[in-house]
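Sequences listed follow chains A, B, C, D, E and F, in order.
Residue numbers for the first sequence, in the numbering used here: 1 to 107.
Residue numbers for the second sequence, in the numbering used here: 1 to 107.
Residue numbers for the third sequence, in the numbering used here: 1 to 107.
Residue numbers for the fourth sequence, in the numbering used here: 1 to 329.
Residue numbers for the fifth sequence, in the numbering used here: 1 to 329.
Residue numbers for the sixth sequence, in the numbering used here: 1 to 329.
Check before you lean on any hint, since a few could be wrong.
Pairs of lysine-lysine residues, derived as DSS-like cross-links and limited to a Cα-Cα distance of at most 27 Å, are as follows [stated by the list, open to error]: (1) 28/C - 69/C; (2) 25/B - 232/F; (3) 232/E - 28/C.
Worth flagging that the hints you see were computed from the coordinates, not collected in a lab.
These numbers were taken from a predicted model, which means no experiment stands behind them.
Residue strings, one per chain:
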Amino acid sequence: MSVEMTKGKAVHIVVNATFERQLIKLLKQAEVTGYTQLDARGFGYSGEQDGHSEGETNVLFIVLVTTEKAQQIEESLVSYINRGYPIVSYMTDADVLTTNKYRKPTI
Amino acid sequence: MSVEMTKGKAVHIVVNATFERQLIKLLKQAEVTGYTQLDARGFGYSGEQDGHSEGETNVLFIVLVTTEKAQQIEESLVSYINRGYPIVSYMTDADVLTTNKYRKPTI
Amino acid sequence: MSVEMTKGKAVHIVVNATFERQLIKLLKQAEVTGYTQLDARGFGYSGEQDGHSEGETNVLFIVLVTTEKAQQIEESLVSYINRGYPIVSYMTDADVLTTNKYRKPTI
Amino acid sequence: MGLDSLLIPAVLFFALGVFAKLINSDLKFPEGMTKGIGIYLLLAIGLKGGIALSGADFGLAISSIIWGIILGFGLPLIGYFILRFRNKISKFDAAAIAAHYGSVSAATFLTAVAFLEVSGVTYESYPIIMMVIMESPAIIFGLVIAAMVRKQMAAGDANAAEVKTEWGPLLKEAFTNGSVVVLIGAMIIGTIASPEALEKVMPFTQEIFMGVLCLFLLDMGMEAAKKAHTLKSAGVTLVSFGIIMPLVGGTVGIIVGISALGFSVGGAFLLAILSASASYIAVPPVMRYGVPEANSSYYLTLSLGITFPFNVVVGIPLFYQMTTMYAAL
Amino acid sequence: MGLDSLLIPAVLFFALGVFAKLINSDLKFPEGMTKGIGIYLLLAIGLKGGIALSGADFGLAISSIIWGIILGFGLPLIGYFILRFRNKISKFDAAAIAAHYGSVSAATFLTAVAFLEVSGVTYESYPIIMMVIMESPAIIFGLVIAAMVRKQMAAGDANAAEVKTEWGPLLKEAFTNGSVVVLIGAMIIGTIASPEALEKVMPFTQEIFMGVLCLFLLDMGMEAAKKAHTLKSAGVTLVSFGIIMPLVGGTVGIIVGISALGFSVGGAFLLAILSASASYIAVPPVMRYGVPEANSSYYLTLSLGITFPFNVVVGIPLFYQMTTMYAAL
Amino acid sequence: MGLDSLLIPAVLFFALGVFAKLINSDLKFPEGMTKGIGIYLLLAIGLKGGIALSGADFGLAISSIIWGIILGFGLPLIGYFILRFRNKISKFDAAAIAAHYGSVSAATFLTAVAFLEVSGVTYESYPIIMMVIMESPAIIFGLVIAAMVRKQMAAGDANAAEVKTEWGPLLKEAFTNGSVVVLIGAMIIGTIASPEALEKVMPFTQEIFMGVLCLFLLDMGMEAAKKAHTLKSAGVTLVSFGIIMPLVGGTVGIIVGISALGFSVGGAFLLAILSASASYIAVPPVMRYGVPEANSSYYLTLSLGITFPFNVVVGIPLFYQMTTMYAAL
Ligand SMILES: Nc1ncnc2c1ncn2[C@@H]1O[C@H](COP(=O)(O)O)[C@@H](O)[C@H]1O
Ligand SMILES: Nc1ncnc2c1ncn2[C@@H]1O[C@H](COP(=O)(O)O)[C@@H](O)[C@H]1O
Ligand SMILES: Nc1ncnc2c1ncn2[C@@H]1O[C@H](COP(=O)(O)O)[C@@H](O)[C@H]1O
Ligand code: NA
Ligand code: NA
Ligand code: NA
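Given these sequences and hints, build the entire structure.
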């Protein structure tokens, strides 16, 4: 037998650690059922983020959602990017394992 | 000249740190040639995992494998999810760089 | 309204922490506009990397670029892999959020 | 006396931590800092116990160990029945939670020690051995009960094979648990190492100890406050258990300490604290892995969010009073 | 005297850190180590201040607090106008940078304390209170100015709603900031905790303090050198501001310390250092989140890359001389 | 005497760490904790050396440095030939491994110091300078040999350009290596800083030193046991090298210490330990990057999994005996 997977999107969002709380708020507003966070460093328009202090640390969020919700989340980020927050986001197709007695994660 | 890449899957598995050893066992049983681990935090059905103590830390595994092996790994997770372990997994298509004199990684 | 996303590649590169500086040089040579780094552990041909000391730590780089640049980056890695450096790389399709007044990130 | 316990810096820093989270401060210890301090505290207290032991009475040490094992299995059993009493808590949850209360909280113990030292009350070193001993039985208890429940359910279940427990690895956990190894290892080292050599490590393990404890409790305070947020999800039954169980355990501890082991007031009080306290470092990971069927968000909410603050603020002065009175009988 | 300040181990380790980065060494502190040490330093200095306070003069304490608030708002205002003077720096950048200079650098302050102790100069404890007080007003200043600038711009802007500032959370930052909470909390604990209990934490918070500071400054030296790399991107105006502002602040601090508060040379000198120093731990994250329009790479380049080294190497001996001379008038 | 060395807490904690991994305990230090402790140890020992140096004999210091360089190049050369003797180990592996044995292990050295202090044996400070000196030559040795081998191979190779070594960055590593910078930097600071100021950092760098070392060795014990797991993959030749090389190095060290430098038994013994010990912190990362052709899993298996435990358990008492006997000739 083979498990059937649910097609969805893995939305990746890189933000500065100081924006972490705010992003979680946005994700809860978008009613995601869960997310995964990874501490990261990086480089971009706003220079190098070497993780030395909180303000210089990035956080990578991975959120498994439906294509619609993915779109909705990306939209919610735009205004913040325009206000100057260093936010980079991209999404990839993802086959999510939902064959389990809880049918989770609900994407 | 351009390197040719091998088509495969990048299997992502998020588990609680206390399940790390067991997952590695499962991966070795599935005869994967390697894996990458990242410490993570997150949120889901079993609440918030803030990384404060071992039991509240997640680990994200990324495993490059063939589509068949990917299926096999996902299957091996189901029974554990059904027993209550907080495990979330998804896979994405991946073009793996195998053009090297070792032809590695063998996915 | 819906944000339009730019199609590109998310290049993933796993290297030993001792190769971090060199990889950043390579990425700058490839003129990438940014990258994200995550500290990682892992297992492969060169054994287990448990993150205990610098030489046993991995770093996962994620770079958002165009398909051409992705190819170019992968090529630049081959000679290093052939010289014995433990490097594993793969790329996935990525829809990058570039709808913002800075039109960033330039992939 | 009660008030005094609140004037111990360690306790005040715990309060500061709680306060910081209540006002939703962004104060946050770097990843791993608390784990590191925790290892230090266990190492230091283990050494202290070992040194004291080298000059201790063998017979009393043995009976302390035996009583430690009895309490280690007895307390979680009591806890389990209290939890199952009104059949509101699932058997798995009851087993996992009971295990936390059978085990101990080193930080609570250390705060109690600080309390005694400030109050200038002497105490025996035996409770330290008992603290080491009491880590493991409770873990075994929780894992065994859970396995039995599983078998029970599997009876009327087709794919029973699936739920087969691997005893070995699970029971191993009870003895190879990191905290247990450091604590018992350091104690042995404290007993066998040459005294003049031990002298040289004292500045690190003894002199700066109380200060480091303050840092640790500051973080514990923040964690406790965070867990308290999830109280409502736990429900009245569990929350009240978080208060009742330490009272029961503390009382048992006093009786055993005074009547069974003939400890001084200081020693019996420390045993009361051990019995009243619930683990939130050693046991949770073991239950997470060993009893996945239990709701993991309950453990820490109870042991760290309710019982720990209760013991530090109410328990320490209360049990001290009770011990003094019981000893005076 | 000037030379002496450079013979303080803490300062020498700062130099070592700078040197390590200049030769591009791979020396690197593990993630979180500096954050952890930072919490320790704040906790220790807070306690020290609190203990000193318990024996301090109430009236003078109050006027110190009031002057702390005045300087906390006054200094960034001066800084803002200096920055905006030639209209080369955007209003947002000016507001964010000025906030850093209104606030203080604990490490600079501690190095100054080390300097005094080595030189055997006594000092009052009031500057420590002022250090606590001066963290917040500057933060508020920066956030308020930025909000005003936003409104101004929004005036001629269609989607103004979007830029609406949420005052609550922003101002909260000024008081719930982690550094502020630890510092003020530890100070209160130092005042109310029982002296004999505090005795027990001294070995950790006082005796090893200067040594830990060396470790901290070693890392700060590396960071400062890293930031210095980005100097050219900052431009002449900003770089010169990083030198001018501490001179202005230091002078103001001396005058207030001697003439307004009647401090001794030691106390006035410490106040000068507070006024001259710029924050690089507490304020940057707040500005990152609160004033996203400002270029974040400027703050640390200025406060850590220029002003901190300037104060440690030039400022400390210079301001000490100036204070002595002014006090002699 | 031999037994005594095993009663040093530091050694016992090393044993505890080994034991913890043997019983497969889940004990684990948080990420970065050991790196942090390592920086502290280097800083403290560097300062100690510097302070001692300020009162040392210049001539003897110079000859110590010269002999340090000679040993730093000589020992890995000996090691390289032993490894290549039966042509079973590739040239790259031989070069990389030899480099580890030319360099030193600070923890082994510190354990030896603890051994002397407990035994009440005095020792000169020169070995500390030599420890600093001996880090670099071995690194250069390994990189140079590897580069030569590469050229050799490239001779009959089309795309030789590809393997061209960038000398600059590689050799830089030998001198800008983090451990070297902290050690030599702290030593200089210890020499030039004002004594009264250094007094203030002693509680941190000297008093708690031996205790911190215990924590460090606990983790080293766990790592050593982990590496030992991979022994079989290393093969007999390498494993035996891990025992033979320290014996050779130690003997050379004793002779140089007594006959060439005229050290006391304590000093010569420490030099023997330096020569016998293999690096597992500074050198591995350099070889990983500089000699990618070598099998990286060998280095740590040998230096940490075999040679370190051998030196701590067998080497320390053995070399002490040998030194005493040789000195008595
Ligand atoms: N092209 C890119 N690929 C991957 N990550 C990026 C890229 N550009 C920016 N980032 C990440 O997003 C963060 C913020 O980007 P920026 O706003 O450009 O400073 C950086 O610190 C990186 O971690
Ligand atoms: N929708 C989701 N997207 C991304 N990660 C998730 C999602 N749901 C759960 N996770 C991750 O999986 C872990 C366990 O999930 P759960 O079993 O739902 O508690 C969480 O702590 C998250 O790190
Ligand atoms: N099949 C794989 N899937 C995911 N990550 C891998 C795989 N193989 C190797 N890696 C990662 O790449 C690193 C170096 O690989 P290697 O050169 O095979 O030792 C390993 O430590 C892993 O983190
Ligand atoms: Na208990
Ligand atoms: Na200031
Ligand atoms: Na050596």
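Worksheet item: Is the hinted pair residue 25/B and residue 232/F satisfied, with a Cα-Cα distance of at most 27 Å?
Response: Holds, at about 21 Å.
Worksheet item: Does the alpha-carbon distance linking residue 232/E and residue 28/C stay inside the 27 Å limit?
Response: Holds, at about 20 Å.
Worksheet item: Do the alpha carbons of residue 28/C and residue 69/C lie within 27 Å of each other, as the hint requires?
Response: This hinted pair holds, its Cα atoms lying about 12 Å apart.
In the structure shown, no violation is registered for any of the earlier numbered hints.
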